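Trainee: Sequence:
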Amino acid sequence: MNRTHTCNALRPADAGQTVTLVGWVDTKRDLGGVTFIDLRDREGLTQVVFNPGANQEVAQRLKTESVIQITGKVTARSAETVNPKLGTGAVEVLAATIEVHNVCADLPFPMDDDKADKVNEDLRLEYRFLDLRRPRNIGLLKLRAKAARAIRAELDGQDFLEIETPTLFKSTPEGAREFLVPSRTNPGEFYALTQSPQQYKQMLMVAGVERYYQMARCYRDEDLRADRQPEFTQVDLEMSFIDREDMYKLIEGILKRTWKETLGVDIPTPFPRMSYQEAMDRFGIDKPDTRFAMEIQDLTGLFKNSAFKVFQGAANTPGSVVRAINAKGLADLTQGELTNLETIAKSQGAKGLAFIKVEGGEWKSPITKFFSEEEKAALKATLKIEDGDIIFFAAAPWEQASNVLGRIRLESAALLKAKGRLSLPTDQYNFLWVIEFPLMLWDEEEKRYLSAHHPFTAPVKEDEPLLATDPAKVRGQHYDIVLNGVELGGGSIRIHNPAVQKRVFEDILKIPQDMVESRFGYMLKAFAYGAPPHGGIALGFDRVVAMLAGRSSIRDILAFPKNQNGRDLMADCPSPVTPKQLRDLRIRTVEEEKKA
RNA sequence: GGGGUGGUAGCUCAGUUGGUUAGAGCGCCUGCCUGUCACGUAGGAGGUCGCGGGUUCGAGUCCCGUCCAUCCCGCCA
1 MNRTHTCNAL RPADAGQTVT LVGWVDTKRD LGGVTFIDLR DREGLTQVVF
51 NPGANQEVAQ RLKTESVIQI TGKVTARSAE TVNPKLGTGA VEVLAATIEV
101 HNVCADLPFP MDDDKADKVN EDLRLEYRFL DLRRPRNIGL LKLRAKAARA
151 IRAELDGQDF LEIETPTLFK STPEGAREFL VPSRTNPGEF YALTQSPQQY
201 KQMLMVAGVE RYYQMARCYR DEDLRADRQP EFTQVDLEMS FIDREDMYKL
251 IEGILKRTWK ETLGVDIPTP FPRMSYQEAM DRFGIDKPDT RFAMEIQDLT
301 GLFKNSAFKV FQGAANTPGS VVRAINAKGL ADLTQGELTN LETIAKSQGA
351 KGLAFIKVEG GEWKSPITKF FSEEEKAALK ATLKIEDGDI IFFAAAPWEQ
401 ASNVLGRIRL ESAALLKAKG RLSLPTDQYN FLWVIEFPLM LWDEEEKRYL
451 SAHHPFTAPV KEDEPLLATD PAKVRGQHYD IVLNGVELGG GSIRIHNPAV
501 QKRVFEDILK IPQDMVESRF GYMLKAFAYG APPHGGIALG FDRVVAMLAG
551 RSSIRDILAF PKNQNGRDLM ADCPSPVTPK QLRDLRIRTV EEEKKA
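Per the working numbering, residue 1 is the first one in the first sequence, and the count goes up by one each step.
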């Protein structure tokens, strides 16, 4: 090819030059006596002019999205024909020769960005090669590459080694469902695709690498969401000889640089920190969106002697609370919206959703008749109740009440946003560290403790004695990085002492000794050979890029995403394999049992 | 596994209380047009109303089932 310029390169100073451009036909405007073609490549658009006698008939027959190469002279446009919308709008190229590299079939959907954004996503995914061709989507891939570059530059500059770890790993007993890979050379045995390189990176620390990172592909066989794909990318890193403060500083540096180099935005550091307890108390969620308040207020004390038995009962039950939020200005929500909020509350285990609507100076509610004047006055003061507000209550054990109001808070914010009464600027970036998570959570079904994060998280030093007496009270040296209500990543300082690790596996998590041996034996062995203190973190790279791009779906920023059923609609997979393939793997498939 | 929303032309959508031949814009095809830039303009083709069943004289419209998509819950150490 003899391409001399991209389609976003030519300016008036280039007038007179003979140039060769290659690209796709973006639009064709055929005026009969003259034909204009906007030629597009990755970088932009340039208008090409075809006059009679100069291959105009070829241009007139072109279909959009065909690939052509033209050679011609750059000309400055006359003042009244300049197009200020284009970078190259002050010039055009008078085509002398044209070569059609490929014609394009009729398009399945419009390529115009605004129209294409509305087209069914499954059709766009089937034709992902066309969807990606749109400038807006190419831009997202560029953004992603830029973000990756910034992250690598920062980590390289801090002497991290980029190391690839296997994706074919061992199946692990706890955690996300894994994709299994049958081993042909070891019949009847399976690898699992890594959910994360967690154990490998800890082994690298034992191996003396000290600072490791990787743009790690991870796999989880769980149900999909807008921000969850079966394969995704983590900025995975691990460091030796550090504490939590070192990790906060490192990540703040990475994110600061990434935001600066992609968006040109300066984000202030250090980021605020909030304990898990505080996050749940104030926002009812472990990843609070702090761009708006609507904070949860505790009313447990107020209702200790209330005539309203539901609140009074909860207020006097140890571990239970009475709490409320004021959804300011949402009193005019529809019955359907209210019912929907109720459904959400019930999905979190609540029996119902008590509320007070304040309209025309009147408290409209099924429960206010039980309240004394003092209680009403106290409510009004605590929740700053005004006309147009609606108050939602939860009376339940602390965690459940928090969850309920946390969900109601987010849903209320969404309603207020839809009604135009709340605006959450997309260029506001409220980063937040959430810290001091509980190390263990009691699982009622299995009647045992489960790791809140993963079993390698080290307990907070002063809580270590509680491991034996009250595991639920032990806080872990775990940290989550949260942005505008989205969890970007999390990590922890790890256990590096084999005795402590063994105790966590066997005494706390009650994993049978033989299973600990078969699953984690090599880790315990490794730790016995001089494991350094270490810790790390993993950032969901797709989510980071989605936040940079202001997108809610990470499908937008993956080159070839899968749909919600985990299907690649372009390649049409997963798909059946041949009987021979199955035979080689000693696998037999079974028809699903028919329902009676 | 559960809940919400949606499926009508290639695309985006409209389609009233169940009523005669299912429409619009864009795209596509055929003309005209020498300064357009979402070019304009005249004409034309294009439909298994997701699929199956039911109610009815009559179903895009009502009922049942089912499939697909999407958002959410469960799940995601």
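A couple of the hints might just be wrong.
Label-pair ranges, simulated between beta-carbon atoms [as the list claims (entries may be wrong)]:
#1 ALA414 with ALA307: 28 to 36 Å
#2 ALA571 with VAL181: 12 to 20 Å
#3 LEU107 with THR6: 22 to 30 Å
#4 ALA76 with ALA145: 56 to 64 Å
Everything labelled a hint here was simulated from the structure, so no lab data went into it. Here the structure is a predicted model, which is why all the values come from computation and not from measurement. Ideal Cβ placement from N, Cα and C applies to all residues, glycine included.
Trainee: Please list, smallest to largest, the hint numbers that this structure does not respect.
Mentor: Of the numbered hints given earlier, the structure breaks just one, which is hint 4.
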